[in-house]
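Both chains are sitting in their own frames, so use the hints and assemble them into the complex.
For the protein sequence lines, the chains are P and Y, in the order given. Residues 1 to 300 in our numbering are what the first sequence spells out, letter by letter. Residues 301 to 529 in our numbering are what the second sequence spells out, letter by letter.
Bear in mind the hints are in silico, worked out from the structure with no lab data behind them.
Within a straight-line C-alpha distance of at most 20 Å, the following computed SDA-like cross-link-like pairs (lysine to any residue) qualify:
1) Y:Lys411 / P:Thr14
2) Y:Lys312 / P:Arg300
3) Y:Lys411 / P:Ile217
4) Y:Lys312 / Y:Gly367
5) P:Lys17 / Y:Glu393
6) Y:Lys411 / Y:Lys432
7) P:Lys299 / Y:Thr355
8) Y:Lys432 / Y:Pro392
9) P:Lys6 / Y:Gln405
10) Y:Lys346 / P:Asn202
11) P:Lys98 / P:Gly118
Example chain P residues on the side facing chain Y (calculated, C-beta under 7 Å, incomplete):
12) Ser7
13) Glu203
14) Met207
15) Asn209
16) Val210
17) Gly211
18) Ala212
19) Thr213
20) Phe216
21) Arg300
For every residue, glycine included, the Cβ atom is placed at its ideal position computed from N, Cα and C.
Okay, here's what each chain looks like letter by letter:
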Amino acid sequence: MVQFFKSLPFHINTACKNLIRHFVMTLSASSAVMVTLILLAAFLMIAGNIEGFANHIEDEIRIHAVLSEDIALEEQIAESQRLIEAIDGVKEAEFSDKDHELALWIAEKGEVFSIYEGETNPLHNAFFISVSDPNQIQAITEEIIALDFVDDAMYGGNSISQMVSMINTIRTGIVVFVVLLGMLAIFLISNTIKMGIYSRANEISIMRNVGATNLFIKMPFVFEGMLMGLFGSVIPCILTYFGYRQLYTSMGGRLFSNVFSFQPISPFVFQIMGILIIGGMLVGMIGSFISTTRYLHWKR
Amino acid sequence: MILLENVSKSFKNGVHALRDVNLYIEEGEFVYIIGPTGSGKSTLIKLLDGELIPTTGRVVVAGTDVGNLRHSRVPLYRRNIGVIFQDYRLLPELTVFENIAFALQVIGMDKVTIRHRVREVLELVSLEDKAKSFPRELSGGQQQRATIGRAIANQPRVLIADEPTGNLDPEKSQEIMGLLEKINLEENTTILMVTHDANLVDMNKKRTIALEEGFVVADIQKGGYIRHD
Numbered sequence: 001m002v003q004f005f006k007s008l009p010f011h012i013n014t015a016c017k018n019l020i021r022h023f024v025m026t027l028s029a030s031s032a033v034m035v036t037l038i039l040l041a042a043f044l045m046i047a048g049n050i051e052g053f054a055n056h057i058e059d060e061i062r063i064h065a066v067l068s069e070d071i072a073l074e075e076q077i078a079e080s081q082r083l084i085e086a087i088d089g090v091k092e093a094e095f096s097d098k099d100h101e102l103a104l105w106i107a108e109k110g111e112v113f114s115i116y117e118g119e120t121n122p123l124h125n126a127f128f129i130s131v132s133d134p135n136q137i138q139a140i141t142e143e144i145i146a147l148d149f150v151d152d153a154m155y156g157g158n159s160i161s162q163m164v165s166m167i168n169t170i171r172t173g174i175v176v177f178v179v180l181l182g183m184l185a186i187f188l189i190s191n192t193i194k195m196g197i198y199s200r201a202n203e204i205s206i207m208r209n210v211g212a213t214n215l216f217i218k219m220p221f222v223f224e225g226m227l228m229g230l231f232g233s234v235i236p237c238i239l240t241y242f243g244y245r246q247l248y249t250s251m252g253g254r255l256f257s258n259v260f261s262f263q264p265i266s267p268f269v270f271q272i273m274g275i276l277i278i279g280g281m282l283v284g285m286i287g288s289f290i291s292t293t294r295y296l297h298w299k300r
Numbered sequence: 301m302i303l304l305e306n307v308s309k310s311f312k313n314g315v316h317a318l319r320d321v322n323l324y325i326e327e328g329e330f331v332y333i334i335g336p337t338g339s340g341k342s343t344l345i346k347l348l349d350g351e352l353i354p355t356t357g358r359v360v361v362a363g364t365d366v367g368n369l370r371h372s373r374v375p376l377y378r379r380n381i382g383v384i385f386q387d388y389r390l391l392p393e394l395t396v397f398e399n400i401a402f403a404l405q406v407i408g409m410d411k412v413t414i415r416h417r418v419r420e421v422l423e424l425v426s427l428e429d430k431a432k433s434f435p436r437e438l439s440g441g442q443q444q445r446a447t448i449g450r451a452i453a454n455q456p457r458v459l460i461a462d463e464p465t466g467n468l469d470p471e472k473s474q475e476i477m478g479l480l481e482k483i484n485l486e487e488n489t490t491i492l493m494v495t496h497d498a499n500l501v502d503m504n505k506k507r508t509i510a511l512e513e514g515f516v517v518a519d520i521q522k523g524g525y526i527r528h529d
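Chain Y extracted, bound-state conformation (with noise of 0.2 Å):
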């Protein structure tokens, strides 16, 4: 599902944030990926959903060389790629209904498959009874879930979590934890998390490839978090 090969990305400013990653994650994983700050973890986000370009080596996700896809043809190649991100970023003047709606209208589907389709995912993120409250009215873990559910709502073959638990205590965070294990299982999708949070991941053991300077400096099945003293 996802294959990174040789992948380098330097900028401008000489910054190597990613330094030869060899990635392959099968379709249906349910991947953590750990790494201090400035480790290169945005950087690898931002090379699979296209908005950056590898230096060398190719990112191919479910089939497309992202590196190579034509300004025009991102957007088409994104509708694969949902993203989560720590803040939230649901649109404040609209409701949770209208928040999932939003993401399936800009793609240009029509109103009763949304309808239909934005009831089937607050179900499946458990927020029916919230539907019609704007995000100001829903705790953090609410407004996470909502935002999950507009991740998935187009049914994205790749979910990538940029700290999806950043902003939530324990017990919300395990919650949510729940609600993306669920979401790999029933609707198959696959799933990166980016994350800092040691507990979770040593509570939820699965596949954790650790970055460093750039490097994939640790890839173990159903490892735990890793500590560099």
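Looking at chain P on its own, in the form it has when it is part of the complex (with noise of 0.2 Å):
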């Protein structure tokens, strides 16, 4: 280990050398990285954001279901919730009596509903239903139709739900791109190393017959491997703090309304800055150790 850290510079120089020496090679890596990790933060912004809206949308999504008007009795109704909360996928069932049923109605109606209130209320006590997957929303709300003591049910947000799944479509659109193109930085790498490999063959060789480690040998590729993802890190590091700044302040914080309300830029910019960094050096690493390794095990 202390001999380890004590090559480091060794390491260090060799792998700077090598950059400067396959310039263009580097370049092209660098770039590859740097598309891979531009989308990479794009990627990120949007799903840091959907898991926030995600979470509001939940909240926002509730089943409203209302009971027969003979429900009325207090058994009655702690039977029914028992039934509705025994639903698979439901988190929660507040009861809502019928007053209350006036009274947010009043409050989205208007004013003239208020002659209702009192003995002649026509509305029927209900229940506010939560779910814990939004995606399991409309199969639970037929289910609690079905049941005999329920009039009606119904969720508001049929087109928010839509676009959550809209969106979580583009976001696995994404993950996959965001993969192929690792890939592609990954043989990209893999190649420029490999031209370093053979224009030092000579060394190696030198190095191998007089017993170097095979960690030895391949400790500056690595390290250049992961300077050539550091460096393609700088520009998407870049662009992701301007950018999501700028998104955040020209839009108020927030996307239409407070449901969607974006991450806070500190720490959320810093945090997907910190991912581009380690995943563009972990790209380099892999991609260096893939070649280093094929070479080295093809011979004894």
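Here you go:
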């Protein structure tokens, strides 16, 4: 271990020399990393915010189940609550008596309806039901309607849940794209490293001859790959930092409504930048590891 | 020090490079390996330094069963063995001092020890005044001495010289020979020298092992070059 740290300057020095020696290849490999990371940044920004949106939306999406007129006694209500909560995927059923229902109605439709207050209230008792998985909401609603003590059930925010699923599709698409681009970046880096290996074949054969360990021979190349990844992550980081700031301030921190409020700039942007830097270096490391291991194991 | 027991090596293309070779070389011996091209000399060297694994039989060097080494242990084993090539293989962008130091650097020796040992080696191979020269500024003989210096820098127990005088004139060859004998004596290094040079072998008679078509056809103490007509 001590020896490892002692030889670090040697490895880093060699890595830097190689980077300069193969400047064009380094540039192309770094750009591949760069493009990958820009997409990764976009993905992370979208994904991070959707996570926030989704949490809000989940709270918004509730099923409104109106009970039959004859469900009025306390034990009947408790029994129906128990039955509803027993349905798979139901998180919670919140009781709303008919006076409360009318109050909501008045709040939404206007004061004219206040004439129905009291004995003449035509509304029924109801439940507000929240679900654990918004994707299940339709199925659960149907199940609730099927219950004999429920008159009707409906959920608002159909368009919202469609939007969530649409954004999710986009998210999957970006993931696939990022993975493919990441593989391309690894391929390009491993090819660049391979060039470095061949141009130093003489040196490596001497190293092997005098008994340098495989790890020792690999280290400069691994550093080289990591540096390439690091260079590739610089521009994506800058873009992320200024891009997200710009987006955040120009939109006032939210999209349409408070339901879609953006993640605050700090620490969100810095978390993404951290992921980009680590991701770039990781891609570089994997790429160089693949080509050096292949080269070194080809011979004994 | 070196033991080969019923060693055979054949390749996928059907070539039998070595056939049932039995050899024992003691510590501190100086041995010539002679034989025509294709007789298995290179294969023998590669078996000894762990690059190849024998098809059958056992190769034991300094107590290590070379054929059974794991891939990752080969480098550590190789520190016991110095190899010298006909074409020197010095790194052109490094000075003589740096070339020798490189061999010690890559096995993780610390700087002070390296500097000390390189000076010692330079003195042994009589290149003290060429320490700061680059390989291209040296004559063939000097380059070969630098290579020898690099090979013995970490005090290997066995030194394998693959045609070390192949590119040198007789005078320079004799000089290299003298240096190898000095290393053999002073550092008690076991030396295996593969050569074609009949004059050299005749002038400096030592144990001579002759290979032909993969067989050991002769093994003579103080033999001199063997000719087949």
